[in-house]
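Same order as they appear, the protein sequences are chains B and D.
Take any residue in the first sequence, note its place counting from 1, add 70, and you have its number in the numbering used here.
Take any residue in the second sequence, note its place counting from 1, add 345, and you have its number in the numbering used here.
Any given hint might turn out to be false.
Claimed, not checked - Heads up, simulated DSS-like pairs for lysine-lysine below, C-alpha to C-alpha not over 27 Å straight-line: (1) Lys866(D) x Lys844(D); (2) Lys562(D) x Lys487(D); (3) Lys831(D) x Lys867(D); (4) Lys866(D) x Lys195(B); (5) Lys831(D) x Lys803(D); (6) Lys831(D) x Lys893(D); (7) Lys866(D) x Lys194(B); (8) Lys470(D) x Lys562(D); (9) Lys913(D) x Lys867(D); (10) Lys125(B) x Lys844(D); (11) Lys562(D) x Lys530(D); (12) Lys530(D) x Lys470(D); (13) Lys187(B) x Lys670(D); (14) Lys831(D) x Lys738(D); (15) Lys242(B) x Lys562(D).
Said to hold, decoys possible - The following residues of chain B were derived to be distant from chain D, with all beta-carbon distances above 10 Å: (16) Lys102; (17) Glu124; (18) Gly134; (19) Leu151; (20) Gln179; (21) Ser196; (22) Pro211; (23) Ser261.
It is worth saying that the hints were derived from the structure and are not from the lab.
Glycine included, every Cβ here is placed at the ideal spot set by N, Cα and C.
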Amino acid sequence: MNLLVCGVGGQGVLLFSDILAQLALTAGLDVKKSEVHGMAQRGGSVTSHIRWGEKIHSPLIEEGTADIIVAFELLEAVRYLHFLAPAGWLIYDPLTIAPLPVQLGLVEQIASEELEKRIQNRLKKSLAVRAFDTARTLGNPRVQNTVMLGAVSRLLEFPDDLYYQTIKQLVKPQFVEANILAFRRGQELVSK
Amino acid sequence: MNRALLTGDEAVARGAWEAGCRFAAAYPGTPSTEILESLATYPDVYCEWSVNEKVALEAAIGASLAGVRSLAVMKHVGLNVAADPLFSAAYIGVRGGLVIVTADDPGMHSSQNEQDNRFYGLMAKIPVLCPADSQEAKDFIKSAYIISEQFDIPVLLRLTTRIAHSASVVGLEDRAETAPPNYEKQLQKTVLLPAFARLRHRELILRFDRLQAFTEKTPLNRIEWGNPELGIICDGVAYQYAREVFPDASFLKLGMVYPFPAGLVRQFAERVRRLAVIEEVDPFIELQVRALGLTVTGKDTLPRTGELTPAIIRAVFGQQISEHKAEIDLPNRPPALCPGCPHLGLFYALQRQNIIIGGDIGCYTLGALPPHNGLDTCIDMGASITFAHGVDKALANQDPRSRIAVIGDSTFFHSGITGLLNVVYNQSNVITIIADNRTTGMTGHQDHPGTGRTLMGKETVAIDLEQLCRACGITEVVRVDPYLIKETRNTIRRLLNIKKPAVVISQRSCALISARPGAPKKVDAEICSGCRSCLALGCPALSFEQEKALIISTACIGCGMCVEICPKGAIL
Ligand SMILES: Cc1ncc(C[n+]2csc(CCOP(=O)(O)OP(=O)(O)O)c2C)c(N)n1
């Protein structure tokens, strides 16, 4: 499995990928996960490559081979489309966050409709999941990542219990309940 | 055995702990920072943020000579700062094992260059180990301690960003018992007076020759026979990529890239039809293969800059790669200063002044970009003050622009103090602005000599920057709050006119570690004239919609800087 996660610094991409990678390890698989911290993170675009299977060599996913791309933001979804395998799934939050140069009026933004159109034109299998909005109605925009996790779980073959166990393992105790609720809500957003 | 998913950095920490390491020193630097942050959570190992990398390595030499296994950790450019003790350490050797970790950054994700530190091994005559995943990172550091003690030599463990920041599965073991500390005077070994140093250099060559024999036999270097059509020599993460691209080829995987196992390479080359070296950035292995007179494919086709990826290797070797192209017209999303970052106020105050500004390294380097355009240089840590000094001496009174240096607090402690002393000693008209956000921001908020706390969480003396600068001989030292923009600008203007060395301490805690200064601000759209002056602050919480300023309430921390700069009083 090659799963690429992308989003914007501060959206919880790294916790999302920590949970998935740990889950694959607990399931007894070989796992590699690669991301870049530091300068790249200050409000910049963030990606995490997660791969699991019998034996994994490269920590990086090659262009055109991701089975699933999980995008926390629309522009970032389009930025990494070329990583998707021909039969792969894109799961994306249609939320848009303007990059700073756009906000400052230095660069033109591309309209959301145009971005969505590019996705439809290029892909057969894509799924919009309003994870941020859902998280907000749950009273906590920060659980966008676990809403997303719930949605993605529909495409993976791990049992629900494994998700609960891993969330408990990696999330601070006081936030576990909120995250499990968000996970379930995310599952409800995607029909089986 | 328990298994865990560890990053390369966490695996190095685990390995050092399992090896019985008792002293570890580092200065933060991406991608190495998490090593000491992780090691400091283990028991029975003293860990510190040293003031800089030279200090860290010298302290680790001291701990090694006091008989304990010790560790010095830094990013690649940090080893330039620590190069002086590195060469001496090779002559002197060790008592307790001494391992130096360098984390290189091919692709320059967070660095000013992508130098290849394997070459330090060649120059200093010390062994270099390059792990290819987290399990190896842990195993190799344990091997490194054994080699260091067996051959009386410091060992360089070289990571790259992809190893340091990738997580993979690691088997966990217990900590080894090591000998208790014991220090003994050994004049001829540790006093590098020329007469002794000559002996030590000869002795180093002997140690090196024994290492040369070792590298031919060690399991750190291994052959994986496959199809003899193509033989690939590689190290580090390049091995993982190459394995993926050529599942059937024969591999010579080097874990110890220096001393170079020439015999093993010859033996491998004889049994394969075509020989290739796949390595990132510089042709370190390739040069040594070519020195054996072998014909090899390497940097004649592979890129000499940036990271490798499986797709790059595929393309170079004529395999098919994905036809999907990236969308190229998308707006970039570069890193930016945070909402309410005190650096924003400082750079706003520096706008529209007739100045030459030496910049330095840290979050504030982003002030070089629009809308601030606030720095002329980013060279290396500490180079803001010294650059401005050189400019001042060269231009003298031929150019009316004032000379300014902007340097962060952690960077000032790291290597700014000596530059400031030089400004005072040689009297240049440089105004040094210390962007004192009370932390090492860029690398994720590490403590430093000004914060009053150590890596191990102990309270300590907090160095007072003002007193320090006065002790350096600066008589004009002024403290300002960069949230108060007009006052900051007026202070700087006043100092520009006095024509002598001065220091401004622009002091306000990093917005990510301090309490929110206030409730989110709002724009009164009735009053806002749409003049866009506020956008010059460059705050990510400020935007513009329908010809009016807009504050993104979820991002705004209520610092009030925009309130001060709005000419219409439209922000409340
Ligand atoms: C020799 C060297 N060591 C470490 C680094 C990594 N590094 C870059 S800037 C920096 C410190 C930044 O802290 P500070 O000066 O306080 O500025 P801030 O980021 O807080 O604004 C570090 C550790 C480097 N580039 N060069």
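Practice problem: Go through the numbered hints given earlier and state which of them the structure violates, listing their numbers in rising order. | Solution: When the structure is compared with the hints, numbers 1, 4, 5, 7, 10, 11, 14, 15, 16, 18, 19, 20 and 22 turn out to be violated.
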